[in-house]
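Protein chains: 2
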Amino acid sequence: MNLDLLSGLRVVESSAFIAAPLAGLTLAQAGADVIRIDLIGGGIDYARMPVMPGGRSLYWTGLNKGKRSLAVDIRSGEGRELVQALVTAPGAGAGVLLTNIGVPWLAHQLLAQQRVDLISCTIEGSSDGSNAVDYTVNCATGFPAITGGGSAERPVNHVLPAWDLACAQQAAFAIAAAAMRRQSSGVGAELRIALSDVAFSTLSHLGMLTEAELLQQERPSIGNDLYGAFGRDFATADGRRIFVAAISIGQWRSLVRACGLQAGVHALEQQRGVDLSREEQRYAARDAIAQLVEPWFAARSFEQAQRELDQHGACWGPYRTVREALAQDPRLGAANPVFETIHTAGVGEHRAAGSVVRERGRPRGPMRAAPLLGEHTDQILLEVLGLDSAAVGRLHDRGIVAGPDSDPLAPAARTAARATAAAS
Amino acid sequence: MNLDLLSGLRVVESSAFIAAPLAGLTLAQAGADVIRIDLIGGGIDYARMPVMPGGRSLYWTGLNKGKRSLAVDIRSGEGRELVQALVTAPGAGAGVLLTNIGVPWLAHQLLAQQRVDLISCTIEGSSDGSNAVDYTVNCATGFPAITGGGSAERPVNHVLPAWDLACAQQAAFAIAAAAMRRQSSGVGAELRIALSDVAFSTLSHLGMLTEAELLQQERPSIGNDLYGAFGRDFATADGRRIFVAAISIGQWRSLVRACGLQAGVHALEQQRGVDLSREEQRYAARDAIAQLVEPWFAARSFEQAQRELDQHGACWGPYRTVREALAQDPRLGAANPVFETIHTAGVGEHRAAGSVVRERGRPRGPMRAAPLLGEHTDQILLEVLGLDSAAVGRLHDRGIVAGPDSDPLAPAARTAARATAAAS
Chain A
1 MNLDLLSGLR VVESSAFIAA PLAGLTLAQA GADVIRIDLI GGGIDYARMP
51 VMPGGRSLYW TGLNKGKRSL AVDIRSGEGR ELVQALVTAP GAGAGVLLTN
101 IGVPWLAHQL LAQQRVDLIS CTIEGSSDGS NAVDYTVNCA TGFPAITGGG
151 SAERPVNHVL PAWDLACAQQ AAFAIAAAAM RRQSSGVGAE LRIALSDVAF
201 STLSHLGMLT EAELLQQERP SIGNDLYGAF GRDFATADGR RIFVAAISIG
251 QWRSLVRACG LQAGVHALEQ QRGVDLSREE QRYAARDAIA QLVEPWFAAR
301 SFEQAQRELD QHGACWGPYR TVREALAQDP RLGAANPVFE TIHTAGVGEH
351 RAAGSVVRER GRPRGPMRAA PLLGEHTDQI LLEVLGLDSA AVGRLHDRGI
401 VAGPDSDPLA PAARTAARAT AAAS
Chain B
1 MNLDLLSGLR VVESSAFIAA PLAGLTLAQA GADVIRIDLI GGGIDYARMP
51 VMPGGRSLYW TGLNKGKRSL AVDIRSGEGR ELVQALVTAP GAGAGVLLTN
101 IGVPWLAHQL LAQQRVDLIS CTIEGSSDGS NAVDYTVNCA TGFPAITGGG
151 SAERPVNHVL PAWDLACAQQ AAFAIAAAAM RRQSSGVGAE LRIALSDVAF
201 STLSHLGMLT EAELLQQERP SIGNDLYGAF GRDFATADGR RIFVAAISIG
251 QWRSLVRACG LQAGVHALEQ QRGVDLSREE QRYAARDAIA QLVEPWFAAR
301 SFEQAQRELD QHGACWGPYR TVREALAQDP RLGAANPVFE TIHTAGVGEH
351 RAAGSVVRER GRPRGPMRAA PLLGEHTDQI LLEVLGLDSA AVGRLHDRGI
401 VAGPDSDPLA PAARTAARAT AAAS
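Sequence order for the protein chains is A and B. Per this note's numbering: the first sequence ends with 424, consecutive numbering throughout. Per this note's numbering: the second sequence ends with 424, consecutive numbering throughout.
Extracted from the complex, chain A is given alone in its bound form (with noise of 0.2 Å):
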């Protein structure tokens, strides 16, 4: 894949949604080799929309990019058997097991009697061991109350899965750094990570959870300001929106050149006594800076308060729908080597990002596309569990494993359905 950070590690996948596949996505663009366990037929999240008009989830592709599909009938016990030895397979890379589905049969408990050194890495939804997604673990939060000028009486949820996001990476990080620990002292590790963590651990870090319990007070509702400086979105003249920030004391001064506020930030500071170059002043003269700021972006084209905001090194950006920013933003583009294009079955050509992350000084090895349910079973079963061709034989004929014939979504195989269909 594009790193060889992980090379050598090999991550058994049980997931469904976003959070755990994310984390598989993120080991396997680093460089490990991450094996989704895929019922046959597709798991609960295998069509979720966006959909293409042949049924293939545009949603599940772009999460399990790069990553190797074993299809296999988890309801009877030789496919679980089959699991079980996947994951427990000899080998100093192997025995990493990254799930979101607590089922007994893949206990950490169970698999660490046949691999006494298993790295197991389970995504839970709450701590208390609720159900819980990202929305039901946000809307407690206390953001809807803040966000987009929203209140606790009438909330306003971000649409961004953000904290699926963030405990995806997490869950990556645990398993790279359990593996380090383990390549030195050959200990094992059962690890466990709930998405409500995640989300009430970051109002502590980012020191909201100290100012409710220590100053006794809520963060303000300010619509689209940033918090503690000024920052928001200002419109051009040709109905453009951009977003412009000042915290730090640069930004701000590049702001002010930009804009050529000079004579009223001055006029502004003498009038209210204020220093404008601090910060928390900033914020607290919000409104009036916005006031002095408006029109000139209302007198400007979007063009031309780009050009003016880049001459004074302004910190600032454009709003765009997706549309537009994979249209117009080249930071999707050729010359950004995270973004390559790739071909997905069931989907076709399309741009697609890579690990984000960036090594200089070494290839970047090219992106794969999400599999097909099954693409790699009998590579899977002969290469690494070391059956020969005969048991795998036996094991598709059974049904306890599959090929990405047996994909539902596969064109292939949707071709050959309808071939069924016309001939019946």
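One or more of the hints may lead you astray.
[Said to hold, decoys possible] Here are a few chain A residues that face chain B, going by a calculated C-beta distance under 7 Å:
| id | residue |
| --- | --- |
| 1 | Leu5 |
| 2 | Ala30 |
| 3 | Leu58 |
| 4 | Asp128 |
| 5 | His158 |
| 6 | Ala172 |
| 7 | Phe173 |
| 8 | Ala189 |
| 9 | Leu191 |
| 10 | Glu211 |
| 11 | Glu213 |
| 12 | Val322 |
| 13 | Ala325 |
| 14 | Val356 |
| 15 | Arg358 |
Hint data in this document are derived by calculation from the structure and do not stem from the laboratory. It should be emphasised that the depicted structure is a prediction, and the values quoted were computed from it without experimental measurement. Ideal placement from N, C-alpha and C gives every residue a C-beta, glycine not left out.
Given the structure of chain A, go ahead and fit chain B onto it with the hints provided.
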């Protein structure tokens, strides 16, 4: 610290704001020795809001828990040499630099002359080299156009600095992975991660980029509803709000049972010719489903609704403000090992989060609070750099380094300053 996954690893952090300090926090709470390079008197973010009445920042102390601090004058050549020596000090677990401040005297190539197996991880704003912060990246992702009922013309920013969070965890992951590779191969790594890549790659991983490219469609703006299945917030009889999610078929069946919707759902399915056991059909019929659910919540107090939802195993969460979460949510309480009460100088006793990773079967070490600036200056110079106390004394005398008594926000320093002011 909490875990010993990374014990033996020493990371030197030269950072400001959120992403890099949070990456260092993740490493520290997993057992790494993270040494902050702090300006004497404090860097650009040292007093960032929210702050205690005495001036200590809850933001800074939240993001820098469990690290050591070396206060040093990095404008002096001698101060820079000390930092360079610290980054490139010998030892199998040393030689790691985490930074978001690109200064030539900490460039990888330069430091690698002293330590060829150096690992450096640099967090950048934008992949094109331009200045960027979370807000000026977020606006370009398309999320504000679909958050909180927003549109391209009236974008709604989320308040959570979600890209900073995800970037931080990616950086911690990359460092752990590179340290593991170095442990086995001896090879260092020059790593870079751009905040903009973290954001845009998420569009790819969640399927939104390909949706825009191949289906030529933008994700709709649907307020608090979740995309692709059923989930939204409802008001209870006593004015509280609850989010219920029915993404999986199990969650849907639980919700239908809990709210006694069997007849209503059957009628709706008949009337529309749909099958609401399918997530995409629940999504299409979400408003009609919500009309069935709404009266159920409106007729129950929060307590009643909670009890009945739990009885049927429905997936739900309460809306809370941060103060309410702290007061009411047991997941922030003493039963959760992730949270502890710690004492931070200049702040006092407060609840705080340690590593979200829990490791079973091994003791969890205690959390440490954020340092004062220079709290560990002498310790680091004596023990890590091997200076003698006379040499350390001379560095203090000449203002090249400082101890915690020079921290302008340290309680003792403030008391001393007040005493001086009163005497003069």
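Status of the hints after comparison with the structure:
This hint holds: A/Leu5 has a C-beta 4 Å from the nearest C-beta of chain B, less than the 7 Å allowed. Nearest Cβ of chain B to the Cβ of A/Ala30: about 5 Å, under the 7 Å cut. The hint holds. With a cut of 7 Å, the hint placing A/Leu58 at the interface with chain B holds, because the nearest CB-to-CB distance is about 3 Å. For A/Asp128, the suggested interface contact is upheld, since its CB lies about 6 Å from the closest CB of chain B, less than 7 Å.
About 4 Å separates the beta-carbon of A/His158 from the nearest beta-carbon of chain B, less than 7 Å, and the hint is met. For A/Ala172, the interface hint holds, the least distance from its beta-carbon to any beta-carbon of chain B being 5 Å, beneath 7 Å. Proximity of A/Phe173 to chain B holds as hinted, the smallest CB-CB distance being about 4 Å (cut-off 7 Å). Restraint check, A/Ala189 versus chain B: the minimum CB separation of about 6 Å is within 7 Å; hint holds.
This hint holds: A/Leu191 has a C-beta 6 Å from the nearest C-beta of chain B, less than the 7 Å allowed. The restraint placing A/Glu211 at the interface with chain B holds, with a minimum CB-CB distance near 4 Å, inside the 7 Å limit. Nearest Cβ of chain B to the Cβ of A/Glu213: about 5 Å, under the 7 Å cut. The hint holds. Taking 7 Å as the C-beta cut-off, the interface hint given for A/Val322 holds, the closest approach to chain B being about 4 Å.
Below 7 Å, beta-carbon pairs count as interface contacts, and A/Ala325 has one with chain B at about 6 Å; its hint therefore holds. Contact between A/Val356 and chain B, as hinted, is supported at the beta carbon level, the nearest pair being about 4 Å apart and thus within 7 Å. Against a cut-off of 7 Å between C-beta atoms, the interface hint on A/Arg358 holds, since the closest Cβ of chain B lies about 5 Å away.
Checked against the numbered hints listed earlier, the structure breaks none of them; every hint is satisfied.
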